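> Given next are the chains, with one letter for each unit.
There are 4 protein chains.
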Amino acid sequence: MTYDECIQACLECMEACNHCYSACLQEQDVAMMAECIRLDRECADICGFAAQAMQRNSRFAKEICNVCAHVCQACGDECAKHEHDHCQRCAEICHHCANVCQDMAS
Amino acid sequence: MTYDECIQACLECMEACNHCYSACLQEQDVAMMAECIRLDRECADICGFAAQAMQRNSRFAKEICNVCAHVCQACGDECAKHEHDHCQRCAEICHHCANVCQDMAS
Amino acid sequence: MTYDECIQACLECMEACNHCYSACLQEQDVAMMAECIRLDRECADICGFAAQAMQRNSRFAKEICNVCAHVCQACGDECAKHEHDHCQRCAEICHHCANVCQDMAS
Amino acid sequence: MTYDECIQACLECMEACNHCYSACLQEQDVAMMAECIRLDRECADICGFAAQAMQRNSRFAKEICNVCAHVCQACGDECAKHEHDHCQRCAEICHHCANVCQDMAS
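Residue numbers (the working numbering), protein chains in the order written: chain A, 1 to 106; chain B, 1001 to 1106; chain C, 2001 to 2106; chain D, 3001 to 3106.
Possibly wrong hints are sitting among the right ones.
What the hints assert, rightly or not - Here are the computed lysine-lysine pairs in the DSS-like style, where the Cα-Cα straight-line distance is at most 30 Å:
| no. | chain 1 | residue 1 | chain 2 | residue 2 |
| --- | --- | --- | --- | --- |
| 1 | B | 1081 | D | 3062 |
| 2 | C | 2081 | A | 62 |
| 3 | D | 3062 | B | 1062 |
| 4 | D | 3081 | B | 1081 |
| 5 | C | 2062 | A | 81 |
| 6 | C | 2081 | A | 81 |
These are calculated hints, taken from the structure and not from any lab test. Just so it is clear, the structure is predicted and the values come from calculations on it, not from any experiment.
The whole structure should be built from the sequences, with the hints applied where relevant.
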């Protein structure tokens, strides 16, 4: 596992989560999407934070990736419950990023 | 207008917006709150960004405060439409921060 | 330990670190301050991140506070090595925030 | 000019600035690099902020890109003064991002 691979996974996950967040806020059943909205945003934030920590060679990068893995897992699990294309796609990308970050952290 | 006064206004606005965001996601009429949720989060982000720019004496602090003023105004206008206590309180704090940031920017 | 107390500690630490960062970049012996500059910025970032996570009732707030405690400790230890007033003041505030975040995380 | 193109430019600029920031802090002539360090970090921050604003379809994306263009221009101009490879490469990427963001903003 290289930093480059993990940075790439985090930036893709950030983009998918931001897109899913914005799309969820426009869904008719927005009430059902509340937890998805919340987690999309948390996940985008920590993915961006982790990517930048790795880009700057922070000595805390692995610790941050460990938290990032947990948020990605939770966000992926929530997204997987919803049938919208943006949620299904986000779930897949989040779960991939969770695995990559977990490898980086260990 | 001093940096300290504007930093204080931005940090109070960040807190009010984050609280309103979290509360809106738990409201029963969450569909009606979609725009409030979106703007609360944008406003919290730019307020935190502006506060840190001022704390670091960024030469771009005034430009950032100018954008912050516009986001605060939009967020305050949206919050003011909703009767929830957290929205009414947030509206007031956002409008105050919009004024303070506009003064700083000019 | 309440969220409010920990948020307050994080925001004070963010401000002290941003001020120390900006001041270090203007010191004559900037080469000696490189690690202080780096850690000040990392510490300000994670403190702001942790404060916002608590303000939004993130379920990951404690995990983020745990990382924040480690960054604050490292930053406080580095700042304590330097005699500049901004470093000594920052060291004290970082060590306080490290303790508060550690309590929150446990 | 599409959002995708501008997001891509911002994320590449964020990475180049974070890399240059970290490399500058390890240079022997760190005192000469103080302004470069400061601007690299500001530029990485606003580029990440702008990219996420576009990814979320923020109505303030263009305003944020306008500020981003100014920071990228200043950072590129500073980096161009230094002969280190990471500075020269960063200058080029910053100036490209400044142009792309200016197009987006107008």
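> Next, verify each hint and record whether it holds.
Against the structure, the hints come out as follows:
1. B:1081 / D:3062: Roughly 26 Å separates the two Cα atoms, so the pair holds.
2. C:2081 / A:62: holds, 26 Å
3. D:3062 / B:1062: holds, 17 Å
4. D:3081 / B:1081: violated, 51 Å
5. C:2062 / A:81: At roughly 26 Å apart (the allowed maximum being 30 Å), residue 81 of chain A and residue 2062 of chain C satisfy the hint.
6. C:2081 / A:81: violated, 51 Å
Checked against the numbered hints given earlier, the structure breaks hints 4, 6 and satisfies all the rest.
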